[in-house]
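> So the protein sequences, as listed, match chains A and B. Per the UniProt record's numbering, the very first residue in the first sequence carries number 1; after that it's consecutive. Per the UniProt record's numbering, the very first residue in the second sequence carries number 1; after that it's consecutive.
Calculated directly from the structure, the hints in this document are not laboratory data. Some hints could be false.
Claimed, not checked - Okay, derived cross-link-like pairs now, SDA-like style, lysine to any residue, Cα gap no bigger than 20 angstroms in a straight line:
no.	chain 1	residue 1	chain 2	residue 2
1	B	Lys327	A	Ala517
2	A	Lys662	B	Leu138
3	A	Lys239	B	Lys239
4	A	Lys56	B	Leu138
5	A	Lys498	A	Lys512
6	B	Lys65	A	Asp59
Computed from a predicted model, the values in this text were never measured in an experiment.
Protein chains: 2
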Amino acid sequence: MAFPRPKPNTMETLASERANHPFNTRKLAIALHGSERDLELKERFMAEIARHPAFKSSDIHDLSKDEIRERTMEKFASMVHFVTTESLEVFNLRMQLIGIADPAFWTRFGVAYGLFLGAVRSGATPNQLSYWIDRGVLGLNGVIGCFAMTELAHGSNVAGLETTATFDEETDEFIIHTPHLGATKWWIGGAASTATHAAVFAQLIVKGKKHGVKTFVTPLRDVKTFDLLPGVNIGDIGKKMGRDGIDNGYIQFTFVRIPRAHMLMKHTQVSREGVVTDPPLAQLTYGALISGRTSMVGDSSNTAKKALTIAVRYAAVRRQFSSGKGKLETQILDYPIHQRRLMPLVAQAVAMGFTGMKLQAMYNDMSASLDVLEPSDLKETHATSAGLKAFCTWACLDTIEKCRQACGGHGYSAYSNLPAMYADFAVQCSWEGDNTILSLQAGRALVGAWGAASKGKKLAPGVAYLGNPATRTAKSDGSLNHIDIQRGFDCVAANGIKKAAEEYVKLLKSGKSKDEAMEMCSSSRFVAAKLHTMGSMFRMYREAVEEMPETDESKVLKTVCTLYGLWQMEELQGAFLKYGYLTADQLDKVSEQVDALCLEIRQYAVPLIDAFALSDHLINSPLGKWDGSVYESYFAQVRASNPLPKVHPYFERLIRPLLERKNADLPDVEKDMGLDEELAEMRAEMAKGNQKEKKVQKKGASAMVKPE
Amino acid sequence: MAFPRPKPNTMETLASERANHPFNTRKLAIALHGSERDLELKERFMAEIARHPAFKSSDIHDLSKDEIRERTMEKFASMVHFVTTESLEVFNLRMQLIGIADPAFWTRFGVAYGLFLGAVRSGATPNQLSYWIDRGVLGLNGVIGCFAMTELAHGSNVAGLETTATFDEETDEFIIHTPHLGATKWWIGGAASTATHAAVFAQLIVKGKKHGVKTFVTPLRDVKTFDLLPGVNIGDIGKKMGRDGIDNGYIQFTFVRIPRAHMLMKHTQVSREGVVTDPPLAQLTYGALISGRTSMVGDSSNTAKKALTIAVRYAAVRRQFSSGKGKLETQILDYPIHQRRLMPLVAQAVAMGFTGMKLQAMYNDMSASLDVLEPSDLKETHATSAGLKAFCTWACLDTIEKCRQACGGHGYSAYSNLPAMYADFAVQCSWEGDNTILSLQAGRALVGAWGAASKGKKLAPGVAYLGNPATRTAKSDGSLNHIDIQRGFDCVAANGIKKAAEEYVKLLKSGKSKDEAMEMCSSSRFVAAKLHTMGSMFRMYREAVEEMPETDESKVLKTVCTLYGLWQMEELQGAFLKYGYLTADQLDKVSEQVDALCLEIRQYAVPLIDAFALSDHLINSPLGKWDGSVYESYFAQVRASNPLPKVHPYFERLIRPLLERKNADLPDVEKDMGLDEELAEMRAEMAKGNQKEKKVQKKGASAMVKPE
């Protein structure tokens with residue numbers, strides 16, 4: 001008897017998937033990354049972390065929270081070098097890669113470098129800024145900041161925060177104070193064990209009058225000893241769903257005094273005499289919000305691509321059920337239903353990637369010309385980015401889970417990395433605005449755009465279709481090219497927005513306030529936002545492809561774009577049927593085309609996901625190994641991560657007693673003890689009179705067992 | 001300055017939610033649990049575990065995997081008592097409750113008690129069974145079993161398992177062997193550190209001939225020392241997405257010999273001489289499969305109810321944004337969109353509960369009369385249960401995630417318990433059949449039923465609607481009562497099944513084999529299964545309500561049923577529009593009704609979920625505390641679970657060097673080193689001739705720095 005190796009092995013199978021495909025993988029990778037330079041930078045960053053001991057990834061699933069926290073701080077220390085030596089643009093690309101390699105570290109670094117420093121940059125006067133630069137905010141030496149906005153009882157409603165900053169005219173100080181439990185600063189990344197200072201969002205109170213929420217740089221710890229400063233109480237908020245590398249904490253301030261100059265006064269100012277000067281106009285914070293959302297769209301694409309790299313490679317090597325006696329078992333990627341599970345998600349991940357790049361370009365243009373922008377354009381970009389943040393992060397989370405399920409049981413192993421990816425990513429649906437709330441914000445802007453369109457006003461490019469009544473009634477003739485698909489999205493989005501807008505107007509007319517009316521039409525607003533956002537994504541992907549020269553690679557990307565558009569039509573079939581863009585028969589044709597495209601793209605699915613250009617170290621999943629050595633790598637990882645203990649930790653205490661116990665022949669209690677006879681005797685005794693009864697009582701409880 | 005407590009506090013708010021509601025909570029709880037006795041038993045079980053130290057739940061999120069494993073074994077030891085003293089029915093109810101309190105423990109116990117013992121019971125001859133009973137299988141003393149079916153490279157395809165059991169005629173033994181890595185037994189619950197024996201699924205080989213996969217009871221460990229037996233190699237497969245309390249392991253057998261009598265021979269037999277006798281008919285295994293699926297439908301309902309208890313109570317006490325100056329902030333449950341997020345899921349959880357009870361009753365009837373059943377009825381129950389397992393476990397997983405997101409940021413805290421619930425539950429979509437595969441199985445049976453219907457054959461009750469062409473074309477007149485909704489589901493399901501069946505027939509006619517045709521119509525088959533299953537759930541819920549006497553409680557359940565049905569119509573709007581059961585206007589009316597019902601049910605949402613009757617200990621989430629003390633409980637738990645270390649674990653090593661480092665004024669390297677001048681000098685030297693050059697070479701590398 002031998003130890004046969006089944007043929008072909010998984011490595012041979014995966015190699016054969018790369019044998020023939022109608023494009024150059026490297027060229028496709030460049031197209032997907034925007035430029036050769038960006039791809040090469042990404043490859044450099046991946047090589048750097050793969051070799052750096054702090055970025056070891058294979059043991060990450062078996063570290064304790066405390067070990068992960070410390071490891072993450074090692075990464076932190078390894079990264080500050082680049083902050084001071086790299087251009088902002090290159091460093092941002094680096095952080096983008098870090099975001100998919102280690103989301104917790106990305107957060108921990110981003111809190112100090114992005115949020116705290118961002119708050120200081122945008123809120124400080126020039127003198128204040130140079131003061132903090134002298135103290136070391138730029139190089140993260142001298143000051144490591146955290147961003148203390150959210151409170152236990154207040155998240156989305158920043159204006160409702162309850163921490164107070166009361167001006168004390170006598171001492172020229174602010175008193176930072178947490179008035180009650182609900183106002184405890186909560187979720188503060190870096191607070192538990194990293195930060196020396198916090199940008200504290202608090203209600204400014206001067207001479208007893210509230211002036212709204214402002215930002216106060218508040219020292220938390222002695223930078224020499226790291227001891228908490230008087231009046232500052234900080235705790236660790238402990239285990240989270242994911243991202244345990246970031247030390248989120250809570251902070252309670254009890255009458256903590258800071259100099260007046262620690263309030264960031266670029267906008268609102270408080271003078272020595274306690275005169276509060278508000279800026280002439282509320283500041284535009286659109287820029288920072290749009291920037292954050294843009295990066296989340298890109299992160300959604302990249303994270304989805306990471307999950308799909310695992311699921312597609314695994315599906316190519318996993319075999320199950322033979323199609324006939326003596327035949328090899330079938331690769332699960334060859335089953336039409338498995339193609340249906342994965343290929344549309346691949347298309348969606350690519351769509352999110354191009355959408356993120358387009359959004360980034362829009363944001364760059366906007367930043368370069370903030371003054372000359374039409375307010376409607378800015379509003380539209382803001383609304384579109386809100387919707388994209390919501391629907392892209394949802395799409396990515398859904399993709400991770402579907403990839404996990406597509407890997408069957410092995411997707412449930414921590415070592416597949418898909419569970420951790422899900423747990424890490426999930427927070428993206430809540431932070432920077434709960435997705436549902438953001439969708440409604442987008443919907444609110446769309447209702448407004450509808451009003452503008454019906455008054456014949458000029459519309460921003462992203463909602464220009466609302467001004468063209470023809471798009472709202474166009475009908476497909478059955479054969480759907482990109483223009484037809486786009487017109488379809490414009491049609492259903494316009495109709496969906498119209499429905500929400502009409503509901504809103506009707507509610508206003510019935511006497512509701514604007515706010516009430518907006519809340520009451522929120523179901524329709526949500527649908528409107530969804531239809532518009534999906535249409536926007538298709539538009540951005542389509543336009544990106546149209547801008548490319550015609551090559552083998554752009555041809556593939558066009559095919560993938562067609563799949564994305566048609567699949568989304570199918571997903572949103574209710575709207576396409578409802579608004580008459582498709583008939584039932586045409587919808588069936590769409591489904592047939594989706595089936596056919598899934599089969600077509602399956603033929604080159606492996607080289608296509610190879611072009612996502614993610615290293616084995618970054619993927620960190622034996623199921624998604626580039627060389628296809630799935631089972632060998634998985635087995636090796638499981639063995640290395642789980643050495644058996646020399647002594648069973650609880651055999652003697654818990655298992656042996658179980659194994660060696662006898663089945664108690666449980667006696668019939670009454671019978672064995674003879675209780676009934678006993679009781680009869682007792683009653684007889686009692687009937688005899690008081691003397692005897694007393695005697696029994698004297699003997700007490702024991703007499704009950706064996707009465708005289 | 002004082003420490004004000006905001007009014008009303010969360011406890012007052014939650015109490016006021018229980019002040020007025022149109023039903024008796026206790027009576028509603030009884031209706032939801034099927035009987036007062038079942039409710040009382042559940043309450044008893046909950047009280048028992050809340051008081052038992054092994055079932056402490058508050059610290060569970062901060063235990064290491066090893067600690068959880070040991071804790072779980074303590075629970076195991078505490079439960080064996082009930083195995084030997086309680087009736088099977090009561091013990092099953094107990095396990096059902098355990099399933100939602102601690103899914104990992106439920107699995108660990110279920111493997112030994114359900115799977116291993118189940119395999120022995122169903123596979124052993126009477127003599128074999130009494131042998132194993134004498135050895136202690138019933139009381140889990142002497143033998144603790146595990147169920148060694150799945151292999152590293154084979155899951156769903158049991159017939160393709162590659163472990164071999166070769167009969168050795170000389171010694172009258174079987175040789176159990178793992179021929180290669182892919183055949184390693186994998187995911188085997190209890191193997192890593194609990195089991196003494198395994199029910200091993202292996203290819204029976206006698207005289208060189210394969211006879212298919214049979215079951216062999218194989219000892220793994222010495223029951224006295226717990227040492228692994230010769231040839232048995234077992235490892236721990238380590239961290240999983242969830243359920244870390246169960247010690248899943250891998251097993252490799254290297255020519256392990258067991259007596260012939262250890263093969264379970266109720267069905268296939270192997271004689272001393274190596275004569276293999278197969279049973280006259282393939283055994284019906286429908287029963288065990290349906291039973292497992294039934295319990296998963298119930299578990300989906302119960303787990304969804306647990307998640308919803310947390311999210312609904314939290315939504316009732318969480319306030320965000322004031323609707324006007326001086327007004328209290330609004331309870332988030334009062335926002336229409338939040339009602340839309342949660343109320344349909346409440347309705348779905350209730351629907352799954354009644355579906356589970358109906359399915360259980362069907363299964364009980366079936367078990368009682370397996371002989372007299374029509375094969376078509378059995379098939380139909382089998383197919384319906386496959387679809388229900390898939391769509392109910394998906395619905396539950398989706399509910400947990402939506403509840404988590406509905407709790408905003410706090411849903412991301414481990415202490416909300418929703419992350420662990422998600423991680424624990426997720427495996428239900430993969431085990432006992434991947435959901436997609438099970439849906440296709442259901443779809444295959446429906447395609448078959450369609451064929452039977454078109455030949456005028458008698459149909460099982462669950463698919464009887466296929467025999468009534470009227471239901472397939474019926475149109476709604478706009479006002480939808482339960483009968484109209486049911487007719488709608490029957491209409492779209494029948495049309496969806498028709499589509500799949502016609503595709504299948506067309507493929508057959510085009511020359512495809514049956515298997516090929518089935519695979520190629522799998523998209524349509526999947527849709528057919530979904531529509532049929534959703535219709536079945538509505539039917540079972542509706543019938544359960546119809547069977548109740550008319551009371552305040554049944555009225556509420558009827559309203560909830562209406563919401564469930566209409567919401568599902570909206571969810572499946574594509575099908576309802578496509579098959580003409582609803583027009584676009586009627587669909588809008590359905591949406592309006594859903595909005596209205598969400599608002600109506602919101603009024604008594606808190607007492608409604610109170611009737612789910614889940615204890616604070618079982619919920620294990622401060623966000624879902626019965627008394628509404630959300631923030632106090634959450635803060636207390638975070639503090640208790642995360643005592644700050646006395647000494648910062650890595651300040652000196654990692655943070656101080658960061659804080660105290662100077663910004664290196666990085667010099668321009670070339671300039672500082674004077675390299676260009678140096679190189680010019682070197683070139684000049686070299687030009688002077690060979691002697692000098694040699695001199696430079698002699699000095700080696702150091703000469704490069706300062707040439708002569």
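> Against each hint, give a clear statement of whether it holds in the structure.
Okay, the hints, checked on the actual structure:
no.: 1; hint: Lys327/B / Ala517/A; result: 18 angstroms, holds
no.: 2; hint: Lys662/A / Leu138/B; result: 12 angstroms, holds
no.: 3; hint: Lys239/A / Lys239/B; result: 17 angstroms, holds
no.: 4; hint: Lys56/A / Leu138/B; result: 47 angstroms, violated
no.: 5; hint: Lys498/A / Lys512/A; result: 19 angstroms, holds
no.: 6; hint: Lys65/B / Asp59/A; result: 14 angstroms, holds
Checked against the numbered hints above, the structure violates only hint 4.
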